Amino acid sequence: MEVVLEKPESMNLLGLILKMIIERNLKQGMMADLVANTRGNLRLGAGQMKATLKFEGERVVVARDWLIPARAKVAASLDTFLAIGLGKNPVIPFLLGKISLGGNLLWLLKLMPVFQVK
Amino acid sequence: MNADEIKKRLVAILGPERVNTDDATLEKYSKDMTEAPEARPGFVVFPQTTEEVAAIVKLANEAKLPLTPRVAGTNLGGLTIPSPGGCVIDLTQMNRVLEVNPSERYAIIEPGVTFEGIKKHLDENRYDLVIGYPLSPPWTSVVANCLLDGLGNLSFRYGTMAEWINGIEAVLPTGEVIRAGSCALSPLWFNRAPMPDLVGLFVSWQGTTGIVTKMAVQLWPRRAERLRTFIMFYTWKEAFEMLARFARYNIYDDIGGLSWVTSKLLFKIEKPGPKDPNEPIFFLYLDISAEDKEELHLKIKMMNRELERGRDQGMQIESPMDVRTLTSINPDFEKFAEFPTYLDFLIETKGQGLTWVGTYGPVNRLAEGAEKCEKIMWAHGFPPTLVIRPMKGGHYAVLRCITIFDRSDPEDRKRAAAVNAALCDQVLELGYIPYKAPAWAVRKFLPRLDQGYLHTLQRIKDLLDPNGIMNPGKWLLGTEELKQALKTRE
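Just so you know, the sequences run in chain order A and B.
One rule links them: number in this note's numbering = place in the first sequence (from 1) + 23.
One rule links them: number in this note's numbering = place in the second sequence (from 1) + 58.
Bound-form chain B, shown alone (with noise of 0.2 Å):
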């Protein structure tokens, strides 16, 4: 079928507004924020229906069309770049919020629901819940960051955005409408047990085994207190000495901290230079929350208690700071002290170029991470800036290293992807696993996983999409190259 068919049978199915092949769309929806290469779709389309998303995946099987399903784009890792003449599928125009169940506290949400919708929909209505945040911007994909297995601020408490969805309305890259979780039984979307676990085909996934048109994602209660503080340590071992200890409390909603980079980021310096050995290296912070004062004092009081039991084992901790406090300082402060957050200085940048390694390992390696990747970071001339949260209680951790680049300049890309690969050779090496992995960091893991997995993988992306049509290359699956790694293991 030739390129004026598809577009003939695309508007038959959307109408002509929903449908673009012009230039500037095309160029638009040609990259993200990353150094991955670019590449150019044939056309970008909005669905509004899942019966539209069926239809377009059905016409992709006969034309043999390529499809990436796309939101914001804001994952990092490249994984909306489509391929070259192939269809983007824009989300963005099914943002309705179905259902909000105050009872069993979820909400029926469409993909392209952001973040910032969701809050306002929880403000507005005044329903007395709330949904975790990540660190990304307010028009972030509430779905396609629970998907791509990504994180926020109640992920300490929770574990990954994946583990808070309760079910899924999903199309098959064969066009077949397919309900996993306790909506495949019950009229409620309450849970993904005790039913066989088929939301999992579709987490990680990439959006190579089918788009998501509906989920249930799980809501917290709305408490009436809450305080963000700060703390600044001098070394990563004593930071994470005492984040593993904090993490040990089940009082904090979220435990977490950055390297002293973004500090510097905040009062506008935008290539910090090497840090004055006298300054604080981590900034961690922990968000409490509580039903009333008194519940609020008490997790004070033991989180002081904490902090004075380091001092007194010879630690150097600074006294927590209210972020509130930090505002009156700088009010750039403020972006931390409000959800969703956005940190404007991570992306408003000369170039606009982001990228990061971002994975989940163990907590107890995170100081050797986090000391191994400052110096990977400063080899590349890049300044270290680093993310970490240790997870759902502490049981692993995130170490996030982030880029900031100029995507203008040839040159800087190719430094931003050096140093991601140094980076991720580095975390591998640690047992640290990348989230939302590119395909880059796919080929440098590849060799490492597991056989029986690798095959696995393949024989289900091959039983689901028998023609290869679903955001094809993410995760390898279906290239020359990982049916080379497998029959070379064989």
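For reference, chain A alone in the conformation it holds in the complex (with noise of 0.2 Å):
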């Protein structure tokens, strides 16, 4: 299982602070299987900052933009982004506007753990 990114010199902070986070999280058993076993793109956004997490079953590609199609998307301020990223629990947030899901959220919340620091 690797995580790769996409056009690297390019890659915007957001899509590296993604990269090393899932990597960290991929070293554990469970996360890898979660990963492994799930297709699709998932769009995320903090601040201005966009990227895409393509997930393609051995790999994880980090993509700088928003790809289209995209199966959930996530996306909120920088600090807001970094505080979920750092393992707060993204509910209230939600609740509180500061925080826009969409797409299958199902999906998402069950990726969630792959992209918060543990």
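For the record, the hints were derived by calculation from the structure and aren't laboratory data.
Note that this is a predicted model, so its numbers are computed, not measured.
One or more hints might be untrue.
[To be verified] Straight-line alpha carbon distances no greater than 25 Å define the calculated BS3-like cross-link-like pairs of lysine-lysine that follow:
#1 A:K30 to B:K433
#2 A:K96 to B:K333
#3 A:K111 to B:K359
#4 B:K89 to B:K494
#5 A:K111 to A:K96
#6 A:K121 to B:K359
#7 B:K408 to B:K359
#8 B:K502 to B:K408
#9 B:K122 to A:K30
#10 A:K30 to B:K333
#11 B:K393 to A:K141
#12 B:K472 to B:K86
#13 B:K408 to A:K77
#14 A:K121 to A:K30
#15 B:K408 to A:K30
#16 A:K141 to B:K326
#17 A:K50 to A:K133
#18 B:K177 to B:K122
#19 B:K86 to A:K30
#20 B:K472 to B:K494
#21 A:K50 to B:K326
#22 A:K77 to B:K333
[To be verified] Sample of chain A residues facing chain B (criterion: CB under 7 Å; computed from the structure):
#23 P31
#24 L36
#25 M43
#26 Q71
#27 L101
Backbone N, C-alpha and C fix where the C-beta goes; we use that ideal spot for every residue, glycine too.
Please dock the two separately framed chains into a single complex, following the hints provided.
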């Protein structure tokens, strides 16, 4: 299981952060199994930065900008995004309107731990 | 005097173990990290006392042997590249902390004391004092950085590190030993005032007026609470507007910032391409210290209030992030959490070439300077790694453009030299002045230098160093080029 940056030299900070966190998380067997069994694009937005995680089974590709189609999307301010990335429960920011979710929410919730710091 | 005779005399002063003329040593001392042309010395010597330094200097006068003092050689200006066939005086074995005065808050140190060394000494002996640290490797010399007008993490409060010097002992180019500062009169090295300030004869002269063998450097109280926080900005203009506002408050130990390229380097992207227009351009950092949590919270509150004011005025500012939080995302951010800082991502690169144009200049032209320098660096194929810091309460600022290149590639060295030249032209135009200025930079600003100033520099040099042995060519002092420039103006 590998995490690959699409065009690393032009990747934004969001993409670089995601790669680092996911790579670390995938070292845990359960998380790797979860990712290996899923397919589809997840769009992420933090502040003005955008990235897409492409789950391709054997690997996760981090791409800059938003790709179409996407199974789910999540966008928030950079602060909120990083807070969630650092393990904060996303439900409260969602209820407060600080985070915007879309698409297949069940799939998104299942994948959320993949990009949260453990 | 021929080389064999000189070697014999050096050995008589230092013993055979501390006089080196083997190929590997001479090769090592012929270069630094920059693009500057190499020059092979004839001798590398390792004195351990002031008396030994004085004896070497006297011999050098007799033999007309050029001398270049050196410790780590991390000045990024080619300032320790010797004259061909000359003698490098490596001061790393003069590395004693001679005294720490806790009440007057200074340490008397030798030139080989590094930032790592003084920290260890202060920590191990449980002094409740700290020194300021530069963004240089831990093995950098404290004395050299002070003498070269370098800066550190306390420079926002206290100015360049030269301003932290209380006094010195130095060997003049003719071999006499001088003390300057209060130590010229008092047993205590507490200050430079109220004596005529002869310490200035050695500051920023790049080793052309003598060799400093002892220095008293100021220390500051260690505070119980410390916070380093990063704030991201999306435009230079807003970043520097906020930087100037923060500088008004007398509550920060340090204010500074790094361009977006640094974050990419921390994520191991060695050659970042153009920035995503949607990502932050500048990472401003604020260091806050306090005696207790209450003081710290109050200062954080003031910082947040200022940020809120900026947002109310339409600025796009991200919330501050503690360096510990950033470290939990990327452990490499730890490098910014502790002092002395070791920025391996700048040094341990392919070809290990590192150079810069580092300048002091006006705070209110930082945005213009950063924008223009960014364009120049891209035009030469280098991602714009900029470091910025207001100095001494915001009276002036540092604008530093860092270039990472491959020293082993002659073409890359040429590109590094070209980008430095273009950056230097630009910053001079904006009123910034290069510090630790290499000879090529001096050549650029020579036509702009005040005639009286230039004349006085050369006269002082001639007076102190009649045989022109001390680090020849630095500041172009004693060169035909400078003499010609002086004549032309007359």
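Check: So which hints don't hold here, by number, going up?
Finding: 7, 8, 9, 13, 14, 18, 19
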